[in-house]
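K.L.:
For this one, chain A is given, so just place chain B on it according to the hints.
Number of protein chains: 2
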Amino acid sequence: MEFVKGLKQKEVIEISDILSNDLKGKEVVLRGAVHTIRDMSEFSFVVLRKYEGLVQCVFVNDKVNNVSIKNLREGSTIEVKGMVHPEDRAPNGFEIILSDIKVLSEPAKETTMPIPISKWKLNTSLETKLSLRPIALRNVRERAIFKIQEGIVRAFRDFLYSQHFTEVRTPKIVAGNAEGGANVFKLEYFGKKAFLAQSPQFYKQTMVGVYDRVFEAAPVFRAEKHNTTRHLNEYTSLDFEMGYIDGFEDIMDMEAAMLSYVFEFLSKEYAKEVKLLGITLPDTSNIPAVRFDEAKRLVSEKYDRKIKNPYDLEPEEEVLIGRYFKEEFNSDFVFVTHYPSKKRPFYAMDDPSDTKFTLSFDLLFKGMEVTTGGQRIHTYEDQVAKMVARGMDPADFSDYLMIHKHGMPPHGGLGIGLERITMKLLDEQNVRETTLFPRDVSRLEP
Amino acid sequence: MEFVKGLKQKEVIEISDILSNDLKGKEVVLRGAVHTIRDMSEFSFVVLRKYEGLVQCVFVNDKVNNVSIKNLREGSTIEVKGMVHPEDRAPNGFEIILSDIKVLSEPAKETTMPIPISKWKLNTSLETKLSLRPIALRNVRERAIFKIQEGIVRAFRDFLYSQHFTEVRTPKIVAGNAEGGANVFKLEYFGKKAFLAQSPQFYKQTMVGVYDRVFEAAPVFRAEKHNTTRHLNEYTSLDFEMGYIDGFEDIMDMEAAMLSYVFEFLSKEYAKEVKLLGITLPDTSNIPAVRFDEAKRLVSEKYDRKIKNPYDLEPEEEVLIGRYFKEEFNSDFVFVTHYPSKKRPFYAMDDPSDTKFTLSFDLLFKGMEVTTGGQRIHTYEDQVAKMVARGMDPADFSDYLMIHKHGMPPHGGLGIGLERITMKLLDEQNVRETTLFPRDVSRLEP
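Quick note, the sequences are listed as chains A and B, same order.
Just so you know, we're using our numbering here: the first sequence kicks off at 1202 and counts up by one.
Just so you know, we're using our numbering here: the second sequence kicks off at 1202 and counts up by one.
Chain A extracted, bound-state conformation (with noise of 0.2 Å):
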């Protein structure tokens, strides 16, 4: 009988090896994927892909071992032995010296790249990159990209579990549709109307009741039929819900900490990607709040602008409003609280002191939306109440109600656009720059 007992010691090394230990000298063997061949007329360099980055292999004769140099292959994956070579110039500070290669795979006979993946940015438009989005994404820059999502996705949990949350799984497939409108995924579920989840807002302040903390950073599904730079049908949401709050500020408060930690952990564990991207790192340590219509007044006074609705808030609003914090404040970030009750969902907790706005906010970054967050009813009265004045059957949500019905502590929450944030932080135009596979009205492949 075999048996299974976890990692065996393997002769092959990794980049971090190299640079952690005093290689200088020393024969090592890695692997890796043939990123480009660069013809130096005496020799060549054969340059590694790796996860952790590009190594310089030099090629000095016309073969190494059996493997002659006009028969190795960009895109083919290879094993070299060779010897550890400083080179200031090289990738990481050291070049091999090629003594041995093993080829491991080998791309398709007589195929060449359609993109030149091992230049420094992809010079291409962004339609032809989504594309050829598998192998596209081979590129050092591009995958740099999804190595700072990862990071903010694992910030986050990490900050939240150290402030006693617990994360959540909660079902995509759903029977209700919590943020109301058109914009819904439906479904075919063994003859019943099933839906996909825009939000797992009813399930999180469910978890509230069971754990009075909880997050969850999952997929979410939104049949918008509009193709903008900023919207996208499906995305990751990054939510969080608390009990016992005293007011809405608590939420605003742990996800400016939140973000305070996230961008942090960026600047230590990421430090290879935040400065491949050439990524300025924001300050979260004070960001302006500001009241939804306060905030419509100043840009209308300072930027001449005519307020055309009171109750709404454009996108180039939302601009102007992160320009005046950014020229009056120097925040990357405001807050706008108070937003609107008939903008809001039929959920959220209306202002007592004026019932026409409620107590929620969103978190704009760089002039756009990121957050959506505010304090919840909690009362089955209230919530029921709500619900029929907005002409909606409490009947059709007696799961829903049945939290409120047997108590739940004051809470609230939010939601966060991952793909979105990482948009903003990295400057760029259009959020399918920083989504792994979009999806949209047009795109459903790759």
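Hints may contain errors.
What the hints assert, rightly or not - Listed next, the stretches of chain A that the computed footprint assigns to chain B, with coverage defined by at least 3 CB atoms under 8 Å from CB atoms of chain B:
1) 1489-1502
2) 1570-1584
Stated by the list, open to error - If you want the footprint, here are the derived chain B segments under chain A, 3+ residues with CB under 8 Å:
3) 1258-1264
4) 1371-1377
5) 1386-1395
6) 1542-1555
7) 1575-1583
8) 1607-1617
Claimed, not checked - Quick list of simulated restraints, FRET-style, between CB atoms:
9) A:1359 with B:1274: 32 to 40 Å
10) A:1484 with B:1630: 37 to 45 Å
11) B:1426 with A:1599: 45 to 53 Å
12) A:1513 with B:1482: 53 to 61 Å
13) A:1554 with B:1482: 51 to 59 Å
14) B:1512 with A:1389: 26 to 34 Å
15) B:1311 with A:1484: 48 to 56 Å
Keep in mind the hints are simulated off the structure, nothing from the lab.
Model, not experiment: these values are computed from the prediction.
The C-beta atom is built at its ideal place from N, Cα and C for all residues, glycine as well.
P.N.:
Same frame as chain A, now just chain B:
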């Protein structure tokens, strides 16, 4: 202008604050839900439910401040002030002698709990428990189940980060269908035909070409028509995929090491829940691995059972294989390797020494499949040939085949059913017990 600066210090404290500091005889302020009230004639116990556990509060007179014990209701949330008093018979070894109560919220008027959530174990049918899930989860034992599940996912991720895996987020709305078969949910997507992803298979392989090693913990969707104790229509799949492998054994080694880490992590970080649920953490340092055909022969001989179909494993056979390896090797786990090609998907690599079988495996845990994994075909020519041999049109998979065309390292991976592994760890009889909000043929709510 107001500014948000991060977390504010609050007077309210948590159970862990009391346990980690010596607060005996000190006055503290706590918030929680009224879990149960017990009238002891001379005084009353008011038991608070908090995310960390229960707190026994002693309500000495009829009234504390202005709140009468007669008006205090289960399901209310309250803020209490009182003195910490050591009491061995109370949860966590202390109680609070109340001097002040403030009611934060109340349940609906004239309602009572439909199930006794403060009982140690809910002695109701699974059907009732699931219908009342939003409330039933407030039971201390029920919520411990999903803390354990949180711990499994955390440890899965932490271990893989330490092994240089990158976390990816792949789309759940897809155009193609990786696993084949009829069990796929259809979706209307702006006039196009779309599906819910049965697995992240194509995308995780794609991302191996980018990051060498990747993982994802996310929902997958299977339109299984059979309502069994082990099937769900939506579940969480813990997937990883790794490049530059020497063989599929590397994947089993990685899984065994990961599982050891998971159970070690649970014993340290979730000791309270492990104890509360009476979990015996299994040993994974020495997992037997047996060929599919050999496993069938062994149980056929030992348990005197005819082999009906040499190319398939029935659930009953899985149970017997689990029993065999428990009896013969005292192992809760067994890897079954070399599954027949006709039972594995088109991307599975055949065993070159006998192409009727594949370089693949399942992991059985107490007689149930909890993982499916294996090596994948990495060359374009081999992948196209296997598709054609199966009557598939490679043109339907051009986006997927892009990765093989332009070069992939030898690679493989696996998918683990989170709810199933939790179920077997807890010795539950139905996977719905370990699913937060299960989706099955007849259950779409809550």
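K.L.:
Does each hint hold? Answer for all of them.
P.N.:
Each hint tested on the structure:
1. With a cut-off of 8 Å between beta carbons, the region 1489-1502 of chain A has 3 residues touching chain B; three or more are needed, and the interface restraint holds.
2. As drawn, the region 1570-1584 of chain A meets chain B at 4 residues by the rule of a beta-carbon pair under 8 Å; at three or more, the given contact holds.
3. Counting residues of the region 1258-1264 of chain B whose beta carbon lies closer than 8 Å to any beta carbon of chain A gives 0, which falls short of the minimum of three for the stated coverage.
4. Taking a C-beta to C-beta cut-off of 8 Å, the region 1371-1377 of chain B contributes 7 residues in contact with chain A, enough for the three needed, and the coverage statement holds.
5. Residue count for the region 1386-1395 of chain B with a Cβ under 8 Å from a Cβ of chain A: 8. That meets the three needed, and the coverage hint holds.
6. Using a Cβ-Cβ cut-off of 8 Å, 0 residues of the region 1542-1555 of chain B lie near chain A, which falls short of the minimum of three, so the contact claim is violated.
7. With a cut-off of 8 Å between beta carbons, the region 1575-1583 of chain B has 4 residues touching chain A; three or more are needed, and the interface restraint holds.
8. Counting residues of the region 1607-1617 of chain B whose CB lies closer than 8 Å to any CB of chain A gives 5, so the stated coverage by that chain holds, three being the minimum.
9. For the hinted restraint 32 to 40 Å between residue 1359 of chain A and residue 1274 of chain B, the CB-CB distance of approximately 38 Å keeps it satisfied.
10. Distance hint check: the CB atoms of residue 1484 of chain A and residue 1630 of chain B are about 54 Å apart, inconsistent with the given range 37 to 45 Å.
11. For the pair residue 1426 of chain B and residue 1599 of chain A, the supplied restraint of 45 to 53 Å is violated, since their beta-carbon distance comes to about 28 Å.
12. Roughly 55 Å separates the CB atoms of residue 1513 of chain A and residue 1482 of chain B, a value that falls within the hinted 53 to 61 Å.
13. A beta carbon spacing of about 54 Å between residue 1554 of chain A and residue 1482 of chain B agrees with the range 51 to 59 Å that was offered as a hint.
14. The hinted window of 26 to 34 Å between residue 1512 of chain B and residue 1389 of chain A holds, with their beta carbons roughly 33 Å apart.
15. About 52 Å separates the C-beta atoms of residue 1311 of chain B and residue 1484 of chain A, a value consistent with the hinted range of 48 to 56 Å.
Checked against the numbered hints given earlier, the structure breaks hints 3, 6, 10 and 11 and satisfies all the rest.
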